[in-house]
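**Q** Chain residues, written in single-letter form:
Number of protein chains: 2
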Amino acid sequence: MNIEVNILLTGNELMNGDIIDTNSVMFADQLSSIGLNINKKVTVADDLIILRSQIAELSKTAKVLIINGGLGPTIDDLTSQALAQACGVDLQLNTQAHIHLKHWANKRNTKLNKPNLKQAYLPLGCEIIANATGSAVGISIKLDQCLIICTPGVPSELAHMLKDEIIPSLQQAFPITNKIEVSRLQTFGMGESTLQALINDKLPDWPDEISIGFRAAMPLLEVKLTTQCSKGKVLLTQWQEKLSYLLGDHILSTGKSDKITLADHLVPLLIKSAKRITLAESCTGGLIASQITAVSGASAVFQAGFITYSNDMKHKMLDVPNTTLANHGAVSQETVLAMARGALEKSNADYVIAVSGIAGPNGGTKDRPVGSVWIAWGNKQTLNAKYYCIPLARQLFQQVVTARGLDLIRRMLINSKACPNYDRKG
Amino acid sequence: MNIEVNILLTGNELMNGDIIDTNSVMFADQLSSIGLNINKKVTVADDLIILRSQIAELSKTAKVLIINGGLGPTIDDLTSQALAQACGVDLQLNTQAHIHLKHWANKRNTKLNKPNLKQAYLPLGCEIIANATGSAVGISIKLDQCLIICTPGVPSELAHMLKDEIIPSLQQAFPITNKIEVSRLQTFGMGESTLQALINDKLPDWPDEISIGFRAAMPLLEVKLTTQCSKGKVLLTQWQEKLSYLLGDHILSTGKSDKITLADHLVPLLIKSAKRITLAESCTGGLIASQITAVSGASAVFQAGFITYSNDMKHKMLDVPNTTLANHGAVSQETVLAMARGALEKSNADYVIAVSGIAGPNGGTKDRPVGSVWIAWGNKQTLNAKYYCIPLARQLFQQVVTARGLDLIRRMLINSKACPNYDRKG
Numbered sequence: 002m003n004i005e006v007n008i009l010l011t012g013n014e015l016m017n018g019d020i021i022d023t024n025s026v027m028f029a030d031q032l033s034s035i036g037l038n039i040n041k042k043v044t045v046a047d048d049l050i051i052l053r054s055q056i057a058e059l060s061k062t063a064k065v066l067i068i069n070g071g072l073g074p075t076i077d078d079l080t081s082q083a084l085a086q087a088c089g090v091d092l093q094l095n096t097q098a099h100i101h102l103k104h105w106a107n108k109r110n111t112k113l114n115k116p117n118l119k120q121a122y123l124p125l126g127c128e129i130i131a132n133a134t135g136s137a138v139g140i141s142i143k144l145d146q147c148l149i150i151c152t153p154g155v156p157s158e159l160a161h162m163l164k165d166e167i168i169p170s171l172q173q174a175f176p177i178t179n180k181i182e183v184s185r186l187q188t189f190g191m192g193e194s195t196l197q198a199l200i201n202d203k204l205p206d207w208p209d210e211i212s213i214g215f216r217a218a219m220p221l222l223e224v225k226l227t228t229q230c231s232k233g234k235v236l237l238t239q240w241q242e243k244l245s246y247l248l249g250d251h252i253l254s255t256g257k258s259d260k261i262t263l264a265d266h267l268v269p270l271l272i273k274s275a276k277r278i279t280l281a282e283s284c285t286g287g288l289i290a291s292q293i294t295a296v297s298g299a300s301a302v303f304q305a306g307f308i309t310y311s312n313d314m315k316h317k318m319l320d321v322p323n324t325t326l327a328n329h330g331a332v333s334q335e336t337v338l339a340m341a342r343g344a345l346e347k348s349n350a351d352y353v354i355a356v357s358g359i360a361g362p363n364g365g366t367k368d369r370p371v372g373s374v375w376i377a378w379g380n381k382q383t384l385n386a387k388y389y390c391i392p393l394a395r396q397l398f399q400q401v402v403t404a405r406g407l408d409l410i411r412r413m414l415i416n417s418k419a420c421p422n423y424d425r426k427g
Numbered sequence: 002m003n004i005e006v007n008i009l010l011t012g013n014e015l016m017n018g019d020i021i022d023t024n025s026v027m028f029a030d031q032l033s034s035i036g037l038n039i040n041k042k043v044t045v046a047d048d049l050i051i052l053r054s055q056i057a058e059l060s061k062t063a064k065v066l067i068i069n070g071g072l073g074p075t076i077d078d079l080t081s082q083a084l085a086q087a088c089g090v091d092l093q094l095n096t097q098a099h100i101h102l103k104h105w106a107n108k109r110n111t112k113l114n115k116p117n118l119k120q121a122y123l124p125l126g127c128e129i130i131a132n133a134t135g136s137a138v139g140i141s142i143k144l145d146q147c148l149i150i151c152t153p154g155v156p157s158e159l160a161h162m163l164k165d166e167i168i169p170s171l172q173q174a175f176p177i178t179n180k181i182e183v184s185r186l187q188t189f190g191m192g193e194s195t196l197q198a199l200i201n202d203k204l205p206d207w208p209d210e211i212s213i214g215f216r217a218a219m220p221l222l223e224v225k226l227t228t229q230c231s232k233g234k235v236l237l238t239q240w241q242e243k244l245s246y247l248l249g250d251h252i253l254s255t256g257k258s259d260k261i262t263l264a265d266h267l268v269p270l271l272i273k274s275a276k277r278i279t280l281a282e283s284c285t286g287g288l289i290a291s292q293i294t295a296v297s298g299a300s301a302v303f304q305a306g307f308i309t310y311s312n313d314m315k316h317k318m319l320d321v322p323n324t325t326l327a328n329h330g331a332v333s334q335e336t337v338l339a340m341a342r343g344a345l346e347k348s349n350a351d352y353v354i355a356v357s358g359i360a361g362p363n364g365g366t367k368d369r370p371v372g373s374v375w376i377a378w379g380n381k382q383t384l385n386a387k388y389y390c391i392p393l394a395r396q397l398f399q400q401v402v403t404a405r406g407l408d409l410i411r412r413m414l415i416n417s418k419a420c421p422n423y424d425r426k427g
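First to last, the sequence lines map onto chains A and B.
All residue numbers for the first sequence refer to the numbering used here, where the first residue is 2 and numbers rise by one.
All residue numbers for the second sequence refer to the numbering used here, where the first residue is 2 and numbers rise by one.
FYI, nobody ran anything at the bench for these hints, they're computed from the structure.
One should not assume that every hint holds.
Each pair may be met inside one copy or between any two copies, as identical chains are not told apart.
With a Cα cut of at most 35 Å, we get these calculated DSBU-like pairs of lysine-lysine [unchecked claim]: (1) 108 / 387; (2) 119 / 243; (3) 387 / 115; (4) 367 / 381; (5) 232 / 257; (6) 367 / 276; (7) 257 / 243.
All chains, full assembly: derive it from the sequences and hints.
**A** Take a look at the structure:
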C-alpha cells in the first residue's frame, strides 16, 4: 500500500504570482525517493481561517500532511497559529525553539527582536525540527491519525531540513513496502501523439502494470515508464528494451538526464570522436552556435561559426557564388550546399551544419512559404541536404531547425542507417 | 466584492516533480489585472476519480473554476472525461473541435491520428475556446452556479488563450468594482536588493498605499507598483514618475511588456534609426546574434555575425593581428577592440558588439579568472571597451554578457549620458 502525503503551501506571494513555486519539485523528488506518494497539493493565501480549515481537511485524507511556509517572523506568517487552532491547543513559548533563536541571533551579532521571538511560540505538545540555516524551526505534531509537519518556505532552508531531518524520520516511520521503479528515455523527432499511436500500434500487448508518461521539453520529449508491481524491475527492463527497439535512433539517451538541448547530446559525441564542427547559419541566426557553446567543453570541438543573414554576406564570408544565389535563391539546395562547403573550407572543421530558410512572420512567397528551410549537413566526403517545411512561429521554427540540424549530425556520428521520422517533414 | 476563482492543476509531471509550475504565475497576473482573486489552488495527478471529485468540490466554493492541463491526446489526459462525469453529461464528438483539429493537422501536412481525434470528444453542452497554436481547444461549461473553464497545460498555448479569449470574456462577465491599479517598469542592470535599498534611501516618504513588487525575469527585472486606493491612478502616476527619474536609463520601458530580452528592446531602436549592427562573439558563442535574430524584422538591421571561438579564427575571420593575440591574450582590451574593428569592416555595419571572456567552468587563470570578460561596443567613430567580472555559472555568464553588450548599444542609441550601474562590475 502506498503511504500518501498531502501538501499545503501557504503564501500571498505564491497566490499573486510574484514567485514561482520551486519547493514542490523538492518535495516530490525527496518523497518519491523513499516510496511516498503525493496525493494532493493545495495552495492558499496567508489567511488564518482558510489555513485552519485546510489543515483540518487535508489531515483527514492522508497519513502525512506537510505544510510549507508561514513560519516567518512577520504578521502574515500564520502557520503556527492556524495549526494550534486546528489541533485545539494553545500556542506556548517552546524552550528549544527559544534556544535555537538565541543561537541564531548570536551568530549574527544581533539581539532577538519581537517579531523573531514570535517564532518560538509553537503549538503545545509539538516537537521541533532543526533548521540548520534559518531562524524558523520546523514543527511536527499528530492530529488524530495524521502526522503534520511544518516546514519553512525559504528554499535553501527547506532543502536542508528535508534532506537531513524529515526524510530520514519519514523513512523510519514508513518503511518502503513497494518501491516505485522508474525508467526514462530521452527522445527527439517524434511528437507525443505520434509516439503514443506507434506504441498502440506496434506494442498492443503493453502491460497495464507499466504506465507511460510523456514530458515535452521542447524540442526533446522524455518518455517515462513507471511501475510499482512486485516484478517491477524485470518487467520494466523488458519493456524498455522493446520500446527502445521500436524508437531506434530517435532515442538520445536512457536514464534520468539533465540534458535539455540536442547540443548537450552532440558535444560529448564530438569530443569522444575528436571531431570539430562548424556552422553556416542564416535563418537560425546563431542559435545553433549558441547551443553548442552553451555546453561546457565546447571549445574542444568548435572554433568558428558564420552567421550569414544576407545574400551579400553569404557570398563574402562563405564564397557562395553570386550566380548560385541569383539562379536558385537563398533558400535552396544549391545555396545551403555552397554555404556548407564554404564553412568547412574556411574553418577547417570536420563536420558542418548549414541552414537557410524563412523564419517569418514575413518574407514568405507562394513557392517558398514561411517555415521553408533547407538544411545541409555532413563532412567533406559526404554532404547531404534536405528540405523541410516547419510552419511554426518564428522562435519555435528556429528552435526546431536548430534541433534537427544537430540531430542529423548526431545520427552521422552514431552511424545511424535509419532515416529520421521527423513529424512535420515537408 | 471580489469575485473568487479556484484553480485546479492536473498532471502527473506536476505531482512527481518533473516540471515546475509556471502557469500559476500567468493565471495570477492575468486574473488580478481584471480584479479577480484566486481563492485556492489545488494540484492533483492524472487520476479520473480524484479529478472528478475535485471538480465537484472546487466548483462549489467559487464563481469560476479554471482547470489547467489534461487536454492532450494521450491516455493520461483525463480532463474532458472527468468534467463530463462531474457535470453528469456524456462525451460527444464536438464539430467545432473536430474542424479545429483537422485544420491543425492540415497545417502540419499530417493526418489526424486516433489519439488526436480523442481531443474532439468533449462534454455535451460545452462551448469551445479557440487555441491559436496547439491541438487542444479550451472548454467552458456551467456547473450549477460555477463557470468551469478548461485550459491547455502547454504554457505558450495557455498564454495565447488566456490573453485573447478567456480574460476578455471574464472581464465582460464580471465587471470590476474596485479596480486594482498596476504600473510596471522593465529595468536592466540593477539587482532587486540594490533597487530596494536605493528606493529606501532616496524616496523615504514612499506611500503605504502603493506596494512594490519585483519579478526577476533574468536578465531583466520588472518593478510592479500596485494600489487599490480610491486616488490610485493619480498617486501611481506621481510615484512612477519619481521612480523613473531615480532609475534613469536603467529603465527599458514602462507598461506591461512581453519583451523578455534586451534584443527585444534594441532591434526596434535600430530599425527606427535605420542602423545596422554586427557582432564578433567569442565567449557568448552566437548568443547575442541569436537573440537579435529571434526578433521579427531583424533582417533590416542585421546581416552578419562572426563567431570566433579560437585565436586562429579571430585572426582569420576578423584580421585580429597575431601579435595582439600573442602579446595581450584573447581576453584583453586590445583583442576585443581589434575584433570590433574587424567585424565593422567585414560587414559594413554601423554598430558592433565584440566580446571575449572566460565562460568557465574551466580555463580561468589567476590573472583572468572564470567570469572575466572584455566587451567592446560602438561605431566607427566611437569604440569603447570595458572589463567586467561576472562570476556566474557558464550559461548565466553568457546571458549576462549578452544582455550587457546589447544594453551598452541601446544606451548609445538613446544618447544616454549616464554610466550604467551594473551590479557586479569588476
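**Q** Against this structure, judge whether each hint is valid.
**A** Now the hints, each set against the structure:
Taking CA atoms no more than 35 Å apart as the test, residue 108 paired with residue 387 passes between copies only; the shortest distance there is 20 Å, against 49 Å inside one copy. Taking the shortest Cα distances, residue 119 and residue 243 sit within 35 Å of each other only across copies (26 Å), while inside one copy they are farther apart (55 Å). Within a single copy, residue 387 and residue 115 get their C-alpha atoms only as close as 59 Å, which misses the 35 Å cut-off; across copies the closest is 29 Å, which meets it. Only within a single protomer do residue 367 and residue 381 lie at most 35 Å apart by alpha-carbon distance; the minimum there is 34 Å, versus 40 Å between protomers.
Taking the shortest Cα distances, residue 232 and residue 257 sit within 35 Å of each other inside one copy (21 Å), while across copies they are farther apart (54 Å). Taking the closest pair of Cα atoms, residue 367 and residue 276 come within 35 Å of each other only across two copies (30 Å); inside a single copy the shortest separation is 40 Å, beyond that limit. In this homomeric assembly, residue 257 and residue 243 come within 35 Å of each other (Cα to Cα) only inside a single copy, at 19 Å, whereas the closest approach across copies is 50 Å.
The structure meets every hint from the earlier list without exception.
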